[in-house]
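Chains as they are written, first to last, in numbering that gives the first Met the number 0: chain A, 0 to 315; chain B, 0 to 328; chain C, 0 to 329.
Among the hints, erroneous ones may be present.
[To be verified] Calculated pairs, DSSO-like style, for lysine-lysine (alpha carbon to alpha carbon, straight line, at most 30 Å): (1) B:LYS130 - C:LYS230; (2) C:LYS220 - C:LYS230; (3) B:LYS12 - B:LYS248; (4) B:LYS130 - C:LYS235; (5) C:LYS170 - C:LYS185; (6) C:LYS239 - C:LYS6; (7) B:LYS202 - C:LYS220; (8) B:LYS202 - B:LYS12; (9) C:LYS6 - A:LYS146; (10) B:LYS248 - B:LYS202; (11) C:LYS220 - C:LYS239; (12) B:LYS130 - C:LYS239; (13) B:LYS202 - B:LYS130; (14) B:LYS130 - C:LYS220; (15) A:LYS146 - A:LYS203; (16) B:LYS12 - C:LYS220; (17) B:LYS5 - B:LYS202; (18) B:LYS248 - B:LYS5; (19) C:LYS220 - C:LYS235.
Simulated from the structure, these hints should not be mistaken for laboratory data. This one's a predicted model, so the numbers in the text were calculated from it and none came from an experiment.
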Amino acid sequence: MRRLAALRVGSRTWSRIHRIYDSDLSWSFRHSPLAIVAGLMTLGLLLIAVFAPWISPQNPFDVSSLSLLDSELPPAWDPEGDARYLLGTDVQGRDVISTIMYGLRISLVVGFCSVMLSLALGVSAGLAAGYAGGWIDAFIMRIADIKLSFPAILIALLVNGIARTLLPREVFNELALWILVFSIGISNWVQYARTVRSLTMVEKSKEYVQAAHILGQSSLFVATRHILPNTVGPITVLATINLALAILTEATLSFLGVGMPPTTPSLGTLVRVGNEYILSGLWWVVIFPSITLVLLVLAVNLLGDWLRDALNPKLR
Amino acid sequence: MNDTHKPPLLEVKNLRIEFPTRHGTLTPVHDVSFSVDAGEVLGVVGESGAGKSMTGSAIIGLLEPPGRIAGGEIRLNGERIDNLGPAALSRVRGRKIGMVFQDPLTSLNPLFTVGQQLVQTIRAHCDISEKASRQRAIELLDGVGIPAPQRRIDQYPHQFSGGMRQRVVIALSLCAEPSLVIADEPTTALDVSIQAQIIDVLKRMCREHGASVILITHDMGVIAETADRVAVMYAGKIVEIGPVRTLVKQASHPYTQGLMGSIPVVGRKRERLVQIEGAMPRLSDIPTGCAFHPRCPQAFDTCRRETPVLMPAQASSTACWLYREGHNG
Amino acid sequence: MLPFLLKRLFQALIVMLVVALVAFSLFRYVGDPINNMVGEEVGNEYRQQLREELGLSDPILVQFTSFVQRIAVGDFGVSFRNAVPVSELLMERLPATLELVMCATILALLIGIPFGVYSGIHRRGLLTGIVQVVSLAGLSLPSFVVGILLILLFSVQLGWLPSYGRGEVVKLGDWSTGLLTLSGLKSLILPSITLGLFQMTLIMRLVRAEMLEVLRTDYIKFSRARGLSDKVIHFKLALKNTLIPVVTIMGLQIGSLIAFAIVTETVFQWPGMGLLFIQAINFGDVPVMACYLVLISLMFVAINLIVDLLYYAIDPRLDWNSAAAGGHAK
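Isolated chain A (complex conformation):
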């Protein structure tokens, strides 16, 4: 009986969500050319990243497939270029397109994973703070406040920097991806926590939560089954905007030399490595990864913007 009642309440919230998503949101998407373009771009880049090993002309990290004779070639449309290497090659003979594809992979993986981490941290903190209230709330919010007084990039930089100094180079290179995910993840959780917390506090006082309590459901159950689904909307917007930020942060860290190493470069690392040759005229090695990075972040930002406007009840 209890389970049934809970199911009904929970599924009501789910169907509510489905209704919103089905009508207004998709209408808004279909009528916003910018959102469509952004969505397609993001999808395109995502697909390239996922299928990189199959669609890239060359595996740039297989040293045996490289030929130094082909190094430093400009893009294919340049008279000195080679049609095999559409966007040129770098000093080691690596095809720029291929490095971009693999770099895109890594950038996206770090971006997504760190957002997941931030989400997990932030949402649980917010739920706990909002639901439990009292000193737990005060404690969590105090930590959040302190954390907010430091820019995310600094925290990420610090964690990465310390790891870089602590660990021997090979170990660091191996673990770089996960260290990055960790450092970016822990530096971006506060916004989720705050949003979830205020939503939780609002929902907590509503009658269906009190009803659930009377029915004997445990706090954890109520929190996750009833309150959590209501936070999906704003959290999705935050996550999308944060994804762009995470990708940017990772790129910045890699550019500074404390992120992904040149052996498994992300787009940021590619820019850093390319930057060293900027004055010797090899502009394609730095420009194309930069453009890709910018397009990726732009697409995600636009998507996040559209999502925020579409889900904002005040603007309907």
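Mind docking chains B and C on chain A? Use the hints.
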């Protein structure tokens, strides 16, 4: 129905307000006509969504886009005000027409003192010195019943209680000496115990400053106490308009009868409060013919087919086929 | 006001202690301090003696206390890389960073606020559209990409502006400034734009959003109903309501700027604290890292405190006394 020789202060003729939306164009106000004489209090009643606030906003030119006036005229002292440009309109607002909004908590700018807001308004319309404006402001605050006005004039809105704030709002609406004040649900957001006081202040101040009042509310009790004439709105139209005493005692339109019957009266023999079945239709779903016919206990065939216009019935005007000449209602 | 101030100062102190703890851990545990100071050939006996002398065998709490005492007077020891006292090193680089941050902020404010106000008042229109696009670009372009592109265009292609360094600087006492020489000014341009672009777009978007929000409020509607002109409404009333949250966010953003200066300094080889920090990380120069950390934290904490105080001073709704009881401004 005015029986004076003086031309009316405000004339609204065939006002039509449209609201384009994603799902098509809605018409919250359909063909509304009425007039207000100098010195009178006209009440405008109806349920939420009947179009009363929209009409008020339209008169002062503050319709929220994408809403717009799609037809009809509004004349103040004979001159049209519905087609003015923004500069001319800002000269009308405040100086000729004042407005009181519903929520005193959000009507006042939290970052400026009450005095600053009063003086700003006075000096925007009247060419008098800062000192004289401040003096006038203090007098106004005194007039609306704010104690110790010389001190409180320099306080911020958050230092006033809800009722006090609404008094300040009334003072603000009158400080440029308009001839008409539109009060849109001025007491709805206030405690019941203060509502009567505020209505009193409003009525008294307007009378002292020579301003007519359009009092928009859904509270019939307030209207019965305060207004001279009443217009009853339903689904974007006026269904009955006339002197307040007539409407309260002998309403003609079935809807008005329902409304009046729902006012509990102390001392009356204990009867059940009248309840009107159903609810006002959504704007996208207005019935053909008379919009009230699905809920009307006296509806007949014509009501379903033809839309009634205001016609004379006893001492008021009613938009109801029951009162068509020749019909024995 | 005093209890409020004391409470915030106390919080600040706690944060600084935590930071000191992190710095301390860095010193103690990142690599072996002894190894960092002496070469490989030195014998174990000597190492043990050194350990005792430096107090490295004392209980942790004692070590921490003496550490805090030392850094409270600015003694961070000597840089591993070039044996110069760390505090001296950082102080020498401080003016470069601060000047850069200052120029970037001024640029961001000068362009961001007016355009933000404009696009808030005129919701649609060509200029507003352009502002929207530019602001989106600013948010999506990583600052290092901006820097690189600027270098490519203005240094490599056009040769108008230098691509690295600060140009000639003039020493005014302890401070060295690049504002008084032509080459100094020229060198400031590209880095300031790079650092300030993100801030500028942030301000534009923020001011626009706030403006839109304020213009929708009841009190603005009431001001219109009272016949106040658009000019008065936009520039006297709405602006004041808009700028208050903007001022506080800007204050907090200065911290972010100081952090992002690291990137800009790296791109332009600008001899500031940020570049020093990166070099320290790459080298494993712990004293420098620790000193930078503590200094930056101090700056952030101070800025946050000032911004909080400012907020309470500007907004008449906020009361010192109730604030001391708990809770934050916004």
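Hints, verified against the model:
Taking the CA atoms of LYS130 (chain B) and LYS230 (chain C), the gap is near 23 Å; set against the 30 Å cutoff, the hint holds. Taking the CA atoms of LYS220 (chain C) and LYS230 (chain C), the gap is about 14 Å. The hint holds against a cut of 30 Å. With a CA separation close to 28 Å, the supplied pair LYS12 (chain B) and LYS248 (chain B) stays within the 30 Å bound. Restraint check for LYS130 (chain B) and LYS235 (chain C): the C-alpha separation of about 20 Å stays at or below 30 Å, so the hint holds.
For the given pair, LYS170 (chain C) sits about 18 Å from LYS185 (chain C) by alpha-carbon distance, which is consistent with the 30 Å threshold. Only pairs whose Cα atoms come within 30 Å are accepted, and LYS239 (chain C) paired with LYS6 (chain C) is accepted, the gap being roughly 29 Å. Between LYS202 (chain B) and LYS220 (chain C) the alpha-carbon distance is near 23 Å, which keeps this suggested pair within the 30 Å criterion. At roughly 26 Å between alpha-carbon atoms, LYS202 (chain B) and LYS12 (chain B) fall within 30 Å of each other, so this suggested pair holds.
For the suggested pair LYS6 (chain C) and LYS146 (chain A), the alpha carbons sit about 18 Å apart, so the restraint of at most 30 Å is met. Annotation: proposed proximity of LYS248 (chain B) to LYS202 (chain B) holds, straight-line Cα distance about 23 Å (limit 30 Å). Proximity of LYS220 (chain C) to LYS239 (chain C) is assessed by CA-CA distance (about 16 Å); at most 30 Å being required, the pair is judged to hold. For the proposed pair LYS130 (chain B) and LYS239 (chain C), the alpha carbon gap of about 24 Å is at most 30 Å, so the pair holds.
Taking the CA atoms of LYS202 (chain B) and LYS130 (chain B), the gap is near 28 Å; set against the 30 Å cutoff, the hint holds. The suggested pairing of LYS130 (chain B) with LYS220 (chain C) holds, with an alpha-carbon distance near 27 Å, which does not exceed 30 Å. With a CA separation close to 26 Å, the supplied pair LYS146 (chain A) and LYS203 (chain A) stays within the 30 Å bound. Distance check on the hinted pair: LYS12 (chain B) and LYS220 (chain C) sit about 25 Å apart at the alpha-carbon level, within 30 Å; holds.
For the proposed pair LYS5 (chain B) and LYS202 (chain B), the alpha carbon gap of about 22 Å is at most 30 Å, so the pair holds. Simply put, LYS248 (chain B) and LYS5 (chain B) have alpha-carbon atoms about 28 Å apart, close enough for the 30 Å limit, and the pair holds. Distance restraint check for LYS220 (chain C) and LYS235 (chain C): the Cα-Cα separation of roughly 15 Å lies within the 30 Å cut-off, and the hinted pair is therefore satisfied.
The structure shown violates none of the earlier numbered hints.
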